[in-house]
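Asker: Start from chain P and add chain R according to the hints.
2 protein chains.
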Amino acid sequence: MTNSNSLFFRALNKEGLKTPPIWYMRQAGRYMPEYRAVRKKFNNFLDMCKNPDVCCELALQPINAFDLDAAILFSDILTIPDALGLGVNFVENEGPVFKNPINNSKDIDNLNIFNPDELKYVYQAVTNIKNSLSNNIPLIGFSGSPWTLAAYSIEGKSSKDFKKTLNFINENTNKSHIFLNALTDACFLYLREQVKAGADVIQIFDSWANILDENRFNEFSMQYINKLTYALKNDKVTSKTPIILFSRDPKCNNQTLVNNSGADCLSLYWNMQDFDLNIARNKVSLQGNLDPRILLEPKDKIKYQTHKILDKFKDYPGYIFNLGHGITPDINPDNIKYLTEVVREY
Amino acid sequence: MTNSNSLFFRALNKEGLKTPPIWYMRQAGRYMPEYRAVRKKFNNFLDMCKNPDVCCELALQPINAFDLDAAILFSDILTIPDALGLGVNFVENEGPVFKNPINNSKDIDNLNIFNPDELKYVYQAVTNIKNSLSNNIPLIGFSGSPWTLAAYSIEGKSSKDFKKTLNFINENTNKSHIFLNALTDACFLYLREQVKAGADVIQIFDSWANILDENRFNEFSMQYINKLTYALKNDKVTSKTPIILFSRDPKCNNQTLVNNSGADCLSLYWNMQDFDLNIARNKVSLQGNLDPRILLEPKDKIKYQTHKILDKFKDYPGYIFNLGHGITPDINPDNIKYLTEVVREY
Numbered sequence: 001m002t003n004s005n006s007l008f009f010r011a012l013n014k015e016g017l018k019t020p021p022i023w024y025m026r027q028a029g030r031y032m033p034e035y036r037a038v039r040k041k042f043n044n045f046l047d048m049c050k051n052p053d054v055c056c057e058l059a060l061q062p063i064n065a066f067d068l069d070a071a072i073l074f075s076d077i078l079t080i081p082d083a084l085g086l087g088v089n090f091v092e093n094e095g096p097v098f099k100n101p102i103n104n105s106k107d108i109d110n111l112n113i114f115n116p117d118e119l120k121y122v123y124q125a126v127t128n129i130k131n132s133l134s135n136n137i138p139l140i141g142f143s144g145s146p147w148t149l150a151a152y153s154i155e156g157k158s159s160k161d162f163k164k165t166l167n168f169i170n171e172n173t174n175k176s177h178i179f180l181n182a183l184t185d186a187c188f189l190y191l192r193e194q195v196k197a198g199a200d201v202i203q204i205f206d207s208w209a210n211i212l213d214e215n216r217f218n219e220f221s222m223q224y225i226n227k228l229t230y231a232l233k234n235d236k237v238t239s240k241t242p243i244i245l246f247s248r249d250p251k252c253n254n255q256t257l258v259n260n261s262g263a264d265c266l267s268l269y270w271n272m273q274d275f276d277l278n279i280a281r282n283k284v285s286l287q288g289n290l291d292p293r294i295l296l297e298p299k300d301k302i303k304y305q306t307h308k309i310l311d312k313f314k315d316y317p318g319y320i321f322n323l324g325h326g327i328t329p330d331i332n333p334d335n336i337k338y339l340t341e342v343v344r345e346y
Numbered sequence: 001m002t003n004s005n006s007l008f009f010r011a012l013n014k015e016g017l018k019t020p021p022i023w024y025m026r027q028a029g030r031y032m033p034e035y036r037a038v039r040k041k042f043n044n045f046l047d048m049c050k051n052p053d054v055c056c057e058l059a060l061q062p063i064n065a066f067d068l069d070a071a072i073l074f075s076d077i078l079t080i081p082d083a084l085g086l087g088v089n090f091v092e093n094e095g096p097v098f099k100n101p102i103n104n105s106k107d108i109d110n111l112n113i114f115n116p117d118e119l120k121y122v123y124q125a126v127t128n129i130k131n132s133l134s135n136n137i138p139l140i141g142f143s144g145s146p147w148t149l150a151a152y153s154i155e156g157k158s159s160k161d162f163k164k165t166l167n168f169i170n171e172n173t174n175k176s177h178i179f180l181n182a183l184t185d186a187c188f189l190y191l192r193e194q195v196k197a198g199a200d201v202i203q204i205f206d207s208w209a210n211i212l213d214e215n216r217f218n219e220f221s222m223q224y225i226n227k228l229t230y231a232l233k234n235d236k237v238t239s240k241t242p243i244i245l246f247s248r249d250p251k252c253n254n255q256t257l258v259n260n261s262g263a264d265c266l267s268l269y270w271n272m273q274d275f276d277l278n279i280a281r282n283k284v285s286l287q288g289n290l291d292p293r294i295l296l297e298p299k300d301k302i303k304y305q306t307h308k309i310l311d312k313f314k315d316y317p318g319y320i321f322n323l324g325h326g327i328t329p330d331i332n333p334d335n336i337k338y339l340t341e342v343v344r345e346y
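These protein sequences, in sequence, are chains P and R. For the first sequence, the numbering used here assigns the number 1 to the initial residue and increments by one for each residue that follows. For the second sequence, the numbering used here assigns the number 1 to the initial residue and increments by one for each residue that follows.
Derived from the structure by calculation, the hints contain no laboratory data. Computed from a predicted model, the values in this text were never measured in an experiment. Please note: incorrect hints may appear among the correct ones.
[What the hints assert, rightly or not] Result set (EDC-like, lysine to aspartate or glutamate): computed pairs, CA atoms no more than 16 Å apart in a straight line:
id: 1; chain 1: R; residue 1: 120; chain 2: P; residue 2: 345
id: 2; chain 1: P; residue 1: 283; chain 2: P; residue 2: 235
id: 3; chain 1: P; residue 1: 299; chain 2: P; residue 2: 235
id: 4; chain 1: R; residue 1: 120; chain 2: R; residue 2: 67
id: 5; chain 1: P; residue 1: 196; chain 2: R; residue 2: 82
id: 6; chain 1: R; residue 1: 196; chain 2: P; residue 2: 118
id: 7; chain 1: R; residue 1: 236; chain 2: P; residue 2: 117
[What the hints assert, rightly or not] Anything over 12 Å on all C-beta distances counts as not near chain P; from chain R, calculated:
id: 8; residue: 160
id: 9; residue: 177
id: 10; residue: 234
id: 11; residue: 302
Yeah, the Cβ is synthetic: ideal placement off N, Cα and C, and Gly gets one too.
Chain P with its partners taken away, still in its complex shape (with noise of 0.2 Å):
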C-alpha cells in the first residue's frame, strides 16, 4: 500500500501543505523526446495502450524526468467504447474516430453488454506501474464520465460543438439515458478493478462537460456521476480510494460540483478562475487550474503566472498543483522541469 503520509493523499485529506504535491495531466505525452522514441513503434494508438509493459515504461517516465508527487495510468478514456464494440481508431492529427458511433437508437439496444475482463491489459498495466513506483508515489487510475464517453461514442470523434451529439440526445432522450446507464454501470466495474490492479486514487475525466448547457448537464453529466461516485463509495474495494473530478468548464454553479458530485477533490479547469474557494474549503480538495498555454511563455511569466496561482491557494487546506487541462505536444519538457521548480521553491 502506498504510503498515506504522502503529500498527494495529505492534500487529498484536505491538509494545508507549505508545498503542494505536483502532478500534470497529460504528463506522459508527445512533449516528450522519450515518449515519441515509443509511439512510433505503433502504428495504431489503442493497440500501443493495450501493451502493459509499454504502458509501465510510458507513465514512469515523467516521474523519472520531473521527480512528480503521483503517476497516472498511461491509457486512453476510450477503451470502455472500444470493448462496447464501437470500433475506436486514432488518426494521426485528427484524434479518435469511430467505425461504428452510434446513429440511431437502434445501435444502443444493439451494443455489446459491457465485460470488464475485456479491458484485463488495463488493469496489468496498473499492475505494473505500481510496481515499478517507490512506495511514497501513489497512482492515480482513471476513466472517462458516462457523459464523456456518450459524446465521443455518438459524435464519432472530436468535435468543437458535438452538434450530432446535442441533436441525438435531444431527439433520442431516453435512449440516451438507457446508454448513459450503462456507460455508468460499465466505469464503476472499471475503475473497481482498476483499483483492485492497484490505482490508489481514481480521476474521472469529464472531458466534454463544457458542451452542455446547465439544465442538460445535470441530467446527462452530473446525474451520472453522481451514480457512479456513489457506488464506489458504497463498495467494499473502492470505498477508501479518493475520486478526483476534473470536469471541463460546466455550465452548473460551483455549490453543484462541490455538493452533488460525490468527489473528494475538483480538478479546476484553467478558465474557471473564479471558483468560490470558500464553498468548497473543507468539503472537497482543489487539484489545477494553471493554464497550460503559460508553458509557451518565457520562463519569467510561468514564474509570475505560477505565483499568482500559488498565492490563490497558499490558505487552502488541501491544494494540489496542476494545470488547468493536459500538456499539449507544443510544450518544451524544459518548462515543466522549471515549472515544478518553481513550485517546489516558492
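Answerer: Below, chain R without anything else, positioned relative to chain P:
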C-alpha cells in the same frame, strides 16, 4: 471439464437418444426430508443460499437419491435484486417479499449498480458442487430472465396478476427499459462468473413470461433474453456453454421462441402440449413438458402420462426429460424415484 459424452451434453447437442437424460426443475427442495432437515437450521431462506457448503450439500441430495443426469446449482433467482439493494426476504408460506420494491421511477434512478463480486457466495457454491460431482454429471448454473427479475422487483412479491407491475411498465415505460437493460447486464456478468466457477450449462428462468401479452412479451421479455444470449454467445468464457430457456407459457408463437431467443434448448411448460416439434427440430433441443401434478396421482397414471410424453419426443433429436415446472413440496419422493425408473425402462 465435464465429459462431453454425457447423456445431457449429447441431448443438448441435438442428438437423438434411446433414453433421454433426466433431471428435474427444483429437484433439490422441500419435498425431500433431507432438504427439510437442512432448511430448518436457517430462519431466512436467502441466508441458506449464502452458505456455499450448504448449497453444495443440497444440490447433491437429489443426485444421490435418484441418480440423475444433471445437477443444478442450489440458489435463488432473487440473488440479483438482493445485490441491487431491494432487500429480499423469504416469508413462510408467502414466498419472497421485498423490503424496498420499485415503487416509482425515482427508485430505478437510485438502484445500486450491480457488482458481480457481491454474489461470490454463489460462485463458491458452483465450485463446491462441481468439485463434488462425478465427471459425467454436468452442472447447470442459472439466473432469472431480466423480465422476471424486474417483475418481482416491481411487484415486491409473488402475485397472480402482477397488476402493480403491469401498471408500472405502462406508466414508466422508458424507466422500465432502463431497469431491464441494467438487469440484462447484471444477468450476463452473473452467469459469466458462474461459468468461470464451473457451471457447464446455463438455464434462464423466465418464470413470469406468462403475464405479458404477445406485444409486451416481445418488448419487455424476449428483447432482453435475446440481448443476454447474444452476449453470452459472443463472450470468450461463455460462448461454448449451452443455454436452456425456461419460458413459462409465453404468449408468443413457437417460431419466436425457436428463432429469437438465442437458446440452444427450450424447456417446455407443462401446458405447452401443442408446441410444434417440427419447427424446432434440428434447431433447438427440447426439455420438460410433463405436468408435475401427475406426480400426485397413482403409479399407473404416472406411467401412462410419462409414456405419452416419451412417445411424443421419441424421434425428436435432443430431448431432455424433465417436468413442465418445478417439483412442488407436496410430491412424494418415491414418485420421483418411480418416474425416473419409468423413463429409464421405457
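Asker: Work down the list of hints and note, for each, if the structure agrees.
Answerer: Now the hints, each set against the structure:
no., hint, in the structure
1, 120/R x 345/P, "51 Å, violated"
2, 283/P x 235/P, "21 Å, violated"
3, 299/P x 235/P, "46 Å, violated"
4, 120/R x 67/R, "29 Å, violated"
5, 196/P x 82/R, "24 Å, violated"
6, 196/R x 118/P, "14 Å, holds"
7, 236/R x 117/P, "10 Å, holds"
8, 160, "31 Å, holds"
9, 177, "6 Å, violated"
10, 234, "7 Å, violated"
11, 302, "43 Å, holds"
Hints 1, 2, 3, 4, 5, 9 and 10, counting from the list given before, are not met by this structure.
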